[in-house]
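Asks: Residue numbers (the numbering used here), protein chains in the order written: chain A, 8 to 120; chain B, 214 to 325.
Hints listed in this document are in silico derivations from the structure and should not be mistaken for laboratory results.
Quick reminder that beta carbons are idealized off the backbone N, C-alpha and C, glycines included.
Careful, some of the hints might be misleading.
If you only want the chain B side, here are some residues facing chain A, beta carbon under 8 Å, derived [to be verified]:
#1 258
#2 301
#3 313
#4 315
#5 316
Quick list of in silico lysine-lysine cross-link-like pairs, DSS-like style, CA-CA up to 27 Å [said to hold, decoys possible]:
#6 B:312 / B:269
#7 A:90 / B:312
#8 A:78 / B:312
#9 A:64 / B:249
#10 B:283 / B:264
#11 A:64 / A:90
#12 A:16 / B:249
#13 B:264 / A:77
#14 B:264 / B:249
#15 A:64 / A:21
#16 A:16 / A:64
#17 B:264 / B:312
#18 B:283 / B:312
#19 B:269 / B:283
#20 B:312 / A:64
#21 B:283 / B:272
#22 A:64 / B:283
#23 B:283 / B:270
#24 A:16 / A:90
#25 B:312 / A:16
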Amino acid sequence: DGGITQSPKYLFRKEGQNVTLSCEQNLNHDAMYWYRQDPGQGLRLIYYSQIVNDFQKGDIAEGYSVSREKKESFPLTVTSAQKNPTAFYLCASSRDREGETQYFGPGTRLLVL
Amino acid sequence: GQQVMQIPQYQHVQEGEDFTTYCNSSTTLSNIQWYKQRPGGHPVFLIQLVKSGEVKKQKRLTFQFGEAKKNSSLHITATQTTDVGTYFCAGLGTDSWGKLQFGAGTQVVVTP
Numbered sequence: 008d009g010g011i012t013q014s015p016k017y018l019f020r021k022e023g024q025n026v027t028l029s030c031e032q033n034l035n036h037d038a039m040y041w042y043r044q045d046p047g048q049g050l051r052l053i054y055y056s057q058i059v060n061d062f063q064k065g066d067i068a069e070g071y072s073v074s075r076e077k078k079e080s081f082p083l084t085v086t087s088a089q090k091n092p093t094a095f096y097l098c099a100s101s102r103d104r105e106g107e108t109q110y111f112g113p114g115t116r117l118l119v120l
Numbered sequence: 214g215q216q217v218m219q220i221p222q223y224q225h226v227q228e229g230e231d232f233t234t235y236c237n238s239s240t241t242l243s244n245i246q247w248y249k250q251r252p253g254g255h256p257v258f259l260i261q262l263v264k265s266g267e268v269k270k271q272k273r274l275t276f277q278f279g280e281a282k283k284n285s286s287l288h289i290t291a292t293q294t295t296d297v298g299t300y301f302c303a304g305l306g307t308d309s310w311g312k313l314q315f316g317a318g319t320q321v322v323v324t325p
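Chain A with its partners taken away, still in its complex shape:
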């Protein structure tokens, strides 16, 4: 069963805590992306990666970090420096970097306690 999985579905963060959101794909896609979605707004790009061991900042990278050690995995860490982390986080992948269709995971809802 191919696709993108994200875990956990819901995540609670305490003040000053770092949390990591998981994203795994078995589509053999080269490119992966992290987006943030706030109510009533579109998707804003946090980080993206074209190939393993390489990634680039998106439009709102401050307070976030990523790694791409394996083709299938692109975890996102929300650090304590992100002052307003409550949002819906979506991971996506595409076959290559040439503007191909993006396939989205089910998302993780992060809530700050």
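Fit chain B to the given chain A structure using the hints.
Replies: Same frame as chain A, but now just chain B:
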């Protein structure tokens, strides 16, 4: 930088009626994609338009790409309750490497 604007932000439609949502880019696009996100769900790809003036249909949905490749529209005929959700357009700039710029979306509510 490239910006993609969508209007309207909200669309209340009576079941059976038609409606159109519009997408406008500040720069020329290589292609434009449309996604649908059901309430509580994640965006799902609907279609991609690449050629100037291109028109594609999917059952009751008609997608159009402008001649200047800076705008697009989605027209839905005979709206059904299954059309509820938020429709996003996403444009790929001519020099932006695979980075889609998403519009804010049109949230569609269907009244039976």
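Asks: All the hints need checking, so say for each whether the structure fits it.
Replies: Here is how each hint holds up against the structure:
1. A cut of 8 Å between beta carbons decides the hint on residue 258 (chain B): the least distance to chain A is about 5 Å, and the hint holds.
2. With a cut of 8 Å, the hint placing residue 301 (chain B) at the interface with chain A holds, because the nearest CB-to-CB distance is about 6 Å.
3. Interface hint at residue 313 (chain B): satisfied, since its Cβ lies 7 Å from the closest Cβ of chain A, which is below the 8 Å cut-off.
4. The criterion of a C-beta within 8 Å of any C-beta in chain A is met by residue 315 (chain B), whose closest approach is roughly 4 Å, and the hint holds.
5. Taking 8 Å as the C-beta contact cut-off toward chain A, the hint placing residue 316 (chain B) at the interface holds, the least distance being around 6 Å.
6. Note on residue 312 (chain B) and residue 269 (chain B): the hinted pairing holds, with a Cα-Cα distance of about 23 Å set against a maximum of 27 Å.
7. Between the alpha carbons of residue 90 (chain A) and residue 312 (chain B) the distance comes to roughly 25 Å, so the proposed pair stays at or under 27 Å and holds.
8. Taken as a hint, the residue 78 (chain A) and residue 312 (chain B) pair is honoured in the structure, with Cα atoms around 19 Å apart against an allowance of 27 Å.
9. Taking the CA atoms of residue 64 (chain A) and residue 249 (chain B), the gap is near 26 Å; set against the 27 Å cutoff, the hint holds.
10. With a CA separation close to 11 Å, the supplied pair residue 283 (chain B) and residue 264 (chain B) stays within the 27 Å bound.
11. For a cut-off of 27 Å, the pair hint linking residue 64 (chain A) to residue 90 (chain A) stands: about 18 Å separates their Cα positions.
12. A hinted pair counts as satisfied when its Cα atoms are at most 27 Å apart, and residue 16 (chain A) with residue 249 (chain B) qualifies at roughly 20 Å.
13. In summary, the hint linking residue 264 (chain B) to residue 77 (chain A) is not supported, as the alpha carbons are separated by about 35 Å, beyond the 27 Å threshold.
14. Taken as a hint, the residue 264 (chain B) and residue 249 (chain B) pair is honoured in the structure, with Cα atoms around 21 Å apart against an allowance of 27 Å.
15. In summary, the hint linking residue 64 (chain A) to residue 21 (chain A) is supported, as the alpha carbons are separated by about 25 Å, within the 27 Å threshold.
16. For a cut-off of 27 Å, the pair hint linking residue 16 (chain A) to residue 64 (chain A) stands: about 24 Å separates their Cα positions.
17. For a cut-off of 27 Å, the pair hint linking residue 264 (chain B) to residue 312 (chain B) stands: about 19 Å separates their Cα positions.
18. The suggested pairing of residue 283 (chain B) with residue 312 (chain B) holds, with an alpha-carbon distance near 16 Å, which does not exceed 27 Å.
19. At most 27 Å may separate the alpha-carbon atoms for a hinted pair to count; residue 269 (chain B) and residue 283 (chain B) meet this at roughly 17 Å.
20. About 11 Å separates the Cα atoms of residue 312 (chain B) and residue 64 (chain A), which keeps this hinted pair within 27 Å; it holds.
21. For the hint linking residue 283 (chain B) to residue 272 (chain B), the alpha-carbon distance of about 25 Å falls within 27 Å, and the restraint holds.
22. For the given pair, residue 64 (chain A) sits about 25 Å from residue 283 (chain B) by alpha-carbon distance, which is consistent with the 27 Å threshold.
23. Taken as a hint, the residue 283 (chain B) and residue 270 (chain B) pair is honoured in the structure, with Cα atoms around 19 Å apart against an allowance of 27 Å.
24. Of the pairs offered as hints, the one joining residue 16 (chain A) and residue 90 (chain A) holds, with about 21 Å between alpha carbons and a cut-off of 27 Å not exceeded.
25. Of the supplied pair hints, the one linking residue 312 (chain B) and residue 16 (chain A) holds, its CA atoms being roughly 25 Å apart against a limit of 27 Å.
Hint 13 from the earlier list is the only one contradicted by this structure; the remaining hints agree with it.
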